[in-house]
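There are 8 protein chains.
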Amino acid sequence: MRLTVYLAGEIHSSWREEIKEKAQTLQLPVDFVGPMENHDRSDAIGEEILGEQPDAVFRDEAASSFNNLRTQVLMKKADLVIALFGEKYRQWNTAMDASAALSLGKPLILIRPKELHHPLKELSSKANATVETVNQAIKALAYIFE
Amino acid sequence: MRLTVYLAGEIHSSWREEIKEKAQTLQLPVDFVGPMENHDRSDAIGEEILGEQPDAVFRDEAASSFNNLRTQVLMKKADLVIALFGEKYRQWNTAMDASAALSLGKPLILIRPKELHHPLKELSSKANATVETVNQAIKALAYIFE
Amino acid sequence: MRLTVYLAGEIHSSWREEIKEKAQTLQLPVDFVGPMENHDRSDAIGEEILGEQPDAVFRDEAASSFNNLRTQVLMKKADLVIALFGEKYRQWNTAMDASAALSLGKPLILIRPKELHHPLKELSSKANATVETVNQAIKALAYIFE
Amino acid sequence: MRLTVYLAGEIHSSWREEIKEKAQTLQLPVDFVGPMENHDRSDAIGEEILGEQPDAVFRDEAASSFNNLRTQVLMKKADLVIALFGEKYRQWNTAMDASAALSLGKPLILIRPKELHHPLKELSSKANATVETVNQAIKALAYIFE
Amino acid sequence: MRLTVYLAGEIHSSWREEIKEKAQTLQLPVDFVGPMENHDRSDAIGEEILGEQPDAVFRDEAASSFNNLRTQVLMKKADLVIALFGEKYRQWNTAMDASAALSLGKPLILIRPKELHHPLKELSSKANATVETVNQAIKALAYIFE
Amino acid sequence: MRLTVYLAGEIHSSWREEIKEKAQTLQLPVDFVGPMENHDRSDAIGEEILGEQPDAVFRDEAASSFNNLRTQVLMKKADLVIALFGEKYRQWNTAMDASAALSLGKPLILIRPKELHHPLKELSSKANATVETVNQAIKALAYIFE
Amino acid sequence: MRLTVYLAGEIHSSWREEIKEKAQTLQLPVDFVGPMENHDRSDAIGEEILGEQPDAVFRDEAASSFNNLRTQVLMKKADLVIALFGEKYRQWNTAMDASAALSLGKPLILIRPKELHHPLKELSSKANATVETVNQAIKALAYIFE
Amino acid sequence: MRLTVYLAGEIHSSWREEIKEKAQTLQLPVDFVGPMENHDRSDAIGEEILGEQPDAVFRDEAASSFNNLRTQVLMKKADLVIALFGEKYRQWNTAMDASAALSLGKPLILIRPKELHHPLKELSSKANATVETVNQAIKALAYIFE
Chain A
1 MRLTVYLAGE IHSSWREEIK EKAQTLQLPV DFVGPMENHD RSDAIGEEIL
51 GEQPDAVFRD EAASSFNNLR TQVLMKKADL VIALFGEKYR QWNTAMDASA
101 ALSLGKPLIL IRPKELHHPL KELSSKANAT VETVNQAIKA LAYIFE
Chain B
1 MRLTVYLAGE IHSSWREEIK EKAQTLQLPV DFVGPMENHD RSDAIGEEIL
51 GEQPDAVFRD EAASSFNNLR TQVLMKKADL VIALFGEKYR QWNTAMDASA
101 ALSLGKPLIL IRPKELHHPL KELSSKANAT VETVNQAIKA LAYIFE
Chain C
1 MRLTVYLAGE IHSSWREEIK EKAQTLQLPV DFVGPMENHD RSDAIGEEIL
51 GEQPDAVFRD EAASSFNNLR TQVLMKKADL VIALFGEKYR QWNTAMDASA
101 ALSLGKPLIL IRPKELHHPL KELSSKANAT VETVNQAIKA LAYIFE
Chain D
1 MRLTVYLAGE IHSSWREEIK EKAQTLQLPV DFVGPMENHD RSDAIGEEIL
51 GEQPDAVFRD EAASSFNNLR TQVLMKKADL VIALFGEKYR QWNTAMDASA
101 ALSLGKPLIL IRPKELHHPL KELSSKANAT VETVNQAIKA LAYIFE
Chain E
1 MRLTVYLAGE IHSSWREEIK EKAQTLQLPV DFVGPMENHD RSDAIGEEIL
51 GEQPDAVFRD EAASSFNNLR TQVLMKKADL VIALFGEKYR QWNTAMDASA
101 ALSLGKPLIL IRPKELHHPL KELSSKANAT VETVNQAIKA LAYIFE
Chain F
1 MRLTVYLAGE IHSSWREEIK EKAQTLQLPV DFVGPMENHD RSDAIGEEIL
51 GEQPDAVFRD EAASSFNNLR TQVLMKKADL VIALFGEKYR QWNTAMDASA
101 ALSLGKPLIL IRPKELHHPL KELSSKANAT VETVNQAIKA LAYIFE
Chain G
1 MRLTVYLAGE IHSSWREEIK EKAQTLQLPV DFVGPMENHD RSDAIGEEIL
51 GEQPDAVFRD EAASSFNNLR TQVLMKKADL VIALFGEKYR QWNTAMDASA
101 ALSLGKPLIL IRPKELHHPL KELSSKANAT VETVNQAIKA LAYIFE
Chain H
1 MRLTVYLAGE IHSSWREEIK EKAQTLQLPV DFVGPMENHD RSDAIGEEIL
51 GEQPDAVFRD EAASSFNNLR TQVLMKKADL VIALFGEKYR QWNTAMDASA
101 ALSLGKPLIL IRPKELHHPL KELSSKANAT VETVNQAIKA LAYIFE
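Residue numbers (full-length UniProt numbering), protein chains in the order written: chain A, 1 to 146; chain B, 1 to 146; chain C, 1 to 146; chain D, 1 to 146; chain E, 1 to 146; chain F, 1 to 146; chain G, 1 to 146; chain H, 1 to 146.
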């Protein structure tokens, strides 16, 4: 049994690499999917496909149509979602993806540092499991295969 | 035809009052519901009902179980959701509620200042309509009744 | 038992008035809802709420966000949908609403002149009933209450 | 990860060939499905299976039962739908398929020339992404696999 | 709390009258709905609305479009369905309505004489409750209100 | 693309063999599933597993629990359902399966001799396609693969 | 806004009375529904309606068909479910109702003494909120109306 | 056609081994999944991943978040669920899993000794089939493949 896991979260650091490496080390039968990690490409894809837009707001709207399309297709294929929150960035997109996962009946593992427990209390309560580090998330994932 | 509208957003300012007053002025047949607006009570409700919890994280978890229960019941009754974002506060709970609304098939009006267009681009693209002020949201709501 | 009926179709003629008058004559316990019938207002509502948009395409996008919001709320309330097609106008919006109705499990009565049977054959096959005139649609509606 | 894409649209031109060739050139792991492209066969299939029908309307109804059956089976298998609109033809069937895709939770890419922005404004607003050419649709599709 | 109950079954005898009278005697807060009980009208409604059809098969198809429309609207409003089977008539429509009720999550009470236990064994197993007489069905219904 | 087709209908004749042979001749990529065709085994399975039951009614109830279990698992796997009706037998189980298929969103092909058009008019109207012979059903099925 | 609350749990003690009294004291706009509380009647209803059954197992099966019918109708009407567990009785029916509530998207408040935390840990984790006494459950309920 | 079967029930005895052996002997194309069978590990997994918890209740809550996550993922993959009840243990988790299976539309086979017919009467009535031994459950499972 293979599982597809969607990794939701900021696309500025390389936290996904850490998860993939650990999963590979443990030989977990998991395929990872996620958003476009090249931040500049993610922002520019709208104008790249449709051409220049009137201003920054429309530029973002154009990019979002293609990014949301991509996320919708990939999350549909996922059996489980891991959402990571950190100190930096607004991460409203991450909260949106985490919540969408729950509504789609996909189990959700929330990774957040202890310091962010307060602003994430509601999402944490809804998630299947809340952990503080990538390591703990991997353990929760590996546990499914035992 | 009356509509029930859930107002999702931070509970620190009185933005909901402004919406309710404007709706009343226009005599819109709308009932508004929303989260517990007394911030201290919202944070304390867990320990108030269950007793003292071991630490701040568990205190938040306890409170969230009752706040999420309340939100789930009220949002179920809603015909439409208005979610407001502002500069202050993490507002991950707001993003979670806005996304839950969409997944439940409830139309969503997103209110956000122009300056926040970038971190909210994906949510904005998914929402039915995005406006910048409470006034505009009221106009969109009133339009439904014309 | 009252029924709410959504009237989907072009907003250039007064066909909805005919349906409402006939229903009233027969004293059918029906409430009718539908799109904004003032065509200019329907097209202008986007810029009216959000301000001037860069060009005609964005003007339409803005208006559509509010019109789709309105339609989604009203169609949710409907027990049945009547969709009318005629010779004039593209009516892709009508086809979209008719199809949305079917997918939402709402019964659909399709009104179309015999001459349009070919381009509407697939939609007609999916609809619960296909008639040629408003009179026949009213009879089908009245039959539900007998 | 392979994707199945349903190509909705008129069956008079060879636009699907263009999409398939471009996808093949980019080596996208995509399988394309769509309606019966042989227009005469599509119209005749009803009488071919059931025998001669009383008139043209019934001839169309018979054909549509088999064409809708085929579309329903194939669209169920699809992960994403691309709907193309052009100047010619009524294309109400295309609007119906595009809308059905959305209601089934299948992401939708709408291809339409800029000149048709007005009659397609509502469908465009609901679609995940709107582009103007087949080339742009392929780029949006390819982006999912990056 | 009032309940709406759909009475599915043959429209040749007056079994529905018996149920309604007994329910009234017990003062059960129940509203009953059901198919068109005037058998001739039920068969003729297609041609009455659409005009003469080519033959008996098309006559039936036309009538069924309006009868199914009516049933769909009324069954949507029902909280519970009672389906009665008897020795006479094919009653495939009854089996179809009973099964549709189950799939719609509506509780189903099946009334069938003991002699028909064999051909109805599968439907009986799926139904919430199986009884043999109208009296017993009324008791089951009354029990809900105790 | 392979399809799984559930063949619903009486288990007294060998009509399924005819369908399977024709499908094989045409090399259709189809897997067929259906109910237990050994009629005696189908009726006896309850007592075979659970032991002797008090009377014929309970004997049938026991058997139906295992037959419905089997049908539910197999129909879940099906992409399409073909339901055959004939002159003999009550076939209420067939009507139940056909209706369940529709409610599960599975396309349905109804096979019935012309003489049975009247008692099957409502089910026929709901089905995707209605044909009169196994040959025609095979043609409809083959058409999906063209 | 009134809420309907289903009270799931053993029918041997009068815990429901306590909840109703407290709710009335607080003037909560709540209507309570629940299973048949007369234990003997609940067990006997099957034979009362259908007549004597072969043995105790069939007696229970008959009763359960009517009790499950009743529960299904009432729980459908509920906005929220409260499930109480205590030391005595197997309460598998309670666990079944609590779980059904969750699956139906109905918020669930679980009441259980601290001593039962271990066997109820999984259900508690899924429930919206877990409390230890009827008093706490009432507070959670009242909080929704503040 | 392979089936995945989730085995719900207590994790203290080796009843699952018996089922797997018998299935293997009959060469049934079935893959079995189930909860973590190492009871100590199941209870300790919370603290193992998250670290020591304040007390036994929180220890259980932590473990349950990971066990429910695991169950949710595995049950999603299941085509059918077998739930076993025995004299020992509270088994509220088993009742919860059995009920969740039903709500997810997964067929359910209930195994329970005759002596437990009374407390399991409601669940038994809802299950597709109720048997008394593992042997009978295997027969019901094998029957699907005949």
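For the record, the hints were derived by calculation from the structure and aren't laboratory data. For each residue, glycine too, the CB sits at the ideal point set by N, CA and C. Take the hints with a grain of salt, since some may be wrong.
[To be verified] Just a few of them, taken from the derived set where beta-carbon distance is under 8 Å, the chain G residues facing chain H:
id, residue
1, S65
2, S125
3, Q136
Hints versus structure:
A distance limit of 8 Å between C-beta atoms decides the matter here; for S65 of chain G the minimum to chain H is near 6 Å, and the interface restraint holds. Taken as an interface hint, S125 of chain G checks out: its beta carbon lies about 4 Å from the nearest beta carbon of chain H, inside 8 Å. About 14 Å separates the beta-carbon of Q136 of chain G from the nearest beta-carbon of chain H, more than 8 Å, and the hint is not met.
Consistency note: the structure conflicts with earlier hint 3 alone.
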